[in-house]
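> For the protein sequence lines, the chains are C and W, in the order given.
Start counting the first sequence at 1; every next residue gets the next number (this note's numbering).
Start counting the second sequence at 1; every next residue gets the next number (this note's numbering).
You may find that some hints are simply not true.
[To be verified] Quick partial rundown of chain W residues pointing at chain C, CB under 8 Å, derived from the structure: (1) Leu-5; (2) Ser-68; (3) Leu-71; (4) Val-88; (5) Pro-95; (6) Phe-100.
[To be verified] Interface residues of chain C toward chain W, partial, derived using beta-carbon atoms under 10 Å: (7) Leu-200; (8) Lys-285; (9) Arg-321; (10) Asp-328; (11) Arg-337; (12) Arg-340; (13) Lys-393.
Just so you know, these hints were derived from the structure itself, not from any lab.
All of these numbers come straight from a predicted model, not from anything done at the bench.
All C-beta atoms in this analysis are idealised placements derived from N, C-alpha and C, irrespective of residue type, glycine included.
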Amino acid sequence: MLLMLSGAPPHVRFENVAESAGLTRLFPNGGDKTKRFIIETTGSGVAFLDYDNDGLLDIFIVSGEGGLSRMYHNDGKGRFTDVTRKMGLGGASGWGQGVCAADYDNDGFTDLVVTYWGQNHLYRNVRGQSFEEVTERAGLKQDRVRYNTGCAFLDYDNDGHADLFVANYLKFDPAAAPKPGENPYCWYRGLAVNCGPRGLPFDRNILYHNNGDGTFSDVSQASGISAPDQNYSLGVLTGDFNNDGLTDIYVACDQTPSLLYINQGNGKFTEEALLRGVAFDENGKAMSGMGVTAADYDGDGRLDIFRSNFSDERETLYRNRGGGEFDDATIAAGISRNTRFVGWGCGFFDFDNDGWKDVLLVNGHVFPEVERLGIDIHYKDRAILYRNLGNGKFADISENAGPGLIERHSARGAAFGDYDNDGLIEVLINNQNETPSLLKQPARPANHWILVKLTGTQSNRSALGAKVKLTAGGRTQVDEVRSGGSYLSQNDLRLHFGLGAAQRVDRIEIQWPSGASQILRDVLAGRVVEIEEPRKPLARD
Amino acid sequence: MGQILLAEQDRTGAAARFEKAVSLNPIFAEALVALARVKSDEKKYSEAITLLERAVKLQPASESAHYSLMLAYRNAGRTEDAQREKAVIDKLKRPPEGEFTDFLKKLGEKAPKQ
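Turn these sequences into a full structure, and let the hints guide you.
Here it is in structure tokens:
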């Protein structure tokens with residue numbers, strides 16, 4: 001315990017194993033020396049998902065214009081094979097942006113949404129053997145070109161069917177957009193650069209209700225989701241932030257106030273980010289929010305929020321003070337010093353299994369032209385790893401965490417998951433115009449762990465919104481199952497808990513979206529525990 | 001100096017600097033806001049509110065002062081006052097009218113109502 005609180009980093013070494021894992025393809029995303037349009041700056045996401053239910057996480061990587069978004073099958077033993085065409089996913093190209101996954105039709109196989117500037121695509125997973133493009137049939141075809149970005153499935157009305165939220169960045173057409181240097185919004189530190197988002201028109205976010213028959217209905221207006229009309233929306237995070245049993249939606253917004261849609265439980269949401277303290281930084285200033293993640297970093301049983309922002313801004317850590325009201329805890333937590341990075345994908349994850357959620361974010365500037373300035377702000381930059389010290393504070397251990405962390409890329413999406421089921425979380429990163437990174441720790445810390453895989457029966461099959469409260473070694477941790485998150489990406493749908501020295505879990509309590517409650521006791525650690533929702537309500541503890 | 005100490009997690013030292021600044025210049029709104037934030041962190045919401053109400057009178061267009069006051073009201077349970085401050089912030093943050101008119105014309109759309 002003394003060692004844990006001392007701030008001294010444990011032996012930690014992340015290596016980029018993408019090449020040896022078979023992730024050798026480059027994913028294009030606009031210019032590398034200069035970018036003429038904003039569409040070249042925002043892509044793209046990545047996903048960890050187990051599409052064939054073999055117990056091993058597969059990989060999906062979204063491409064910008066000029067490439068294919070690709071699915072890689074996890075063959076075990078640390079190798080992945082490109083199965084894009086074999087799985088029927090080779091038909092779409094364009095400016096791919098985000099990805100999110102869940103079993104929207106409750107058939108037991110995880111489906112996929114890929115968002116685009118242009119038309120989104122819903123891929124229905126056909127028994128893990130192939131994917132079927134069902135966008136139009138499902139009612140998700142859009143009537144105009146939209147700049148869709150982050151997405152997440154969620155069951156906002158707890159009817160047992162996964163609904164879909166899609167963030168929209170702005171209105172954009174390369175034929176109509178101003179060129180670099182054309183107006184005051186097209187300059188950065190004296191350089192003519194691509195224009196926006198300021199100066200480009202806002203668009204509105206979208207909520208699709210799952211009708212339970214394979215189709216969706218656009219309920220954006222009726223639900224209140226489309227009401228905010230002055231925000232540039234990017235990363236999407238779902239969670240029950242006010243602990244009322246209903247899933248809320250947080251959206252990281254670029255140069256405008258971020259959004260917190262509070263679920264009212266009657267099919268409607270109200271946007272309450274400002275009063276709840278998660279719209280701005282502590283000075284009341286809108287940040288350039290990109291990615292977003294949630295966890296209970298301080299062990300008080302409430303979901304806190306971390307958001308990555310632009311250079312010359314701090315990242316933002318919002319501490320949940322209860323009831324879904326937040327304080328800006330960035331300075332108090334000791335994470336306010338890294339202001340030269342443009343942050344994107346981010347995630348709370350317990351890399352050393354000590355029972356406290358750490359934070360990793362990946363970086364890279366939007367303007368390649370920034371390299372001409374000769375300053376300490378870069379188009380390609382390293383990642384940042386904050387170790388949670390267990391006392392409400394973090395230590396920046398980025399430069400002592402192995403070669404994978406200090407590689408320089410213009411990174412965007414990042415997904416977190418345990419692809420080899422060894423109890424350590426790996427990080428998959430989409431690097432613009434490069435091969436992806438796959439960060440892995442070759443050496444295992446002594447601490448113990450457990451992975452919890454939930455399957456809904458009355459609730460939606462992916463168990464989106466299910467809450468887990470786990471007690472081991474005298475500590476209680478909480479988390480929720482969620483789709484989407486980070487920056488335009490999809491994490492492992494299973495929940496990972498570091499257990500420190502505890503070899504057994506004393507108690508796992510699950511609150512299912514259906515209202516059912518379930519308790520398991522004395523569970524052996526060091527494995528994936530699969531829990532199915534009881535088909536009939538069980539008596540409470 | 002107070003801001004540096006705050007970044008160094010020295011809240012007591014920072015508060016002393018902000019108090020000194022306010023005593024030397026009672027109409028230094030930024031110092032009032034900074035001191036109020038320290039008070040809020042210490043859960044001394046009524047003291048924070050007193051300081052922030054002074055700050056917004058001195059700088060009625062300060063988004064930072066109104067934002068801090070809104071949160072201090074919220075934390076003190078003064079919901080109606082917090083809502084009133086929120087309305088002020090909403091007004092201060094409103095983008096200029098017609099900001100996108102030219103671009104929307106190029107896209108073939110009408111400018112949205114502001």
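> Each hint should be assessed against the structure and marked as holding or not.
Each hint tested on the structure:
no.: 1; hint: Leu-5; result: 11 Å, violated
no.: 2; hint: Ser-68; result: 7 Å, holds
no.: 3; hint: Leu-71; result: 6 Å, holds
no.: 4; hint: Val-88; result: 11 Å, violated
no.: 5; hint: Pro-95; result: 6 Å, holds
no.: 6; hint: Phe-100; result: 4 Å, holds
no.: 7; hint: Leu-200; result: 6 Å, holds
no.: 8; hint: Lys-285; result: 7 Å, holds
no.: 9; hint: Arg-321; result: 8 Å, holds
no.: 10; hint: Asp-328; result: 9 Å, holds
no.: 11; hint: Arg-337; result: 8 Å, holds
no.: 12; hint: Arg-340; result: 15 Å, violated
no.: 13; hint: Lys-393; result: 8 Å, holds
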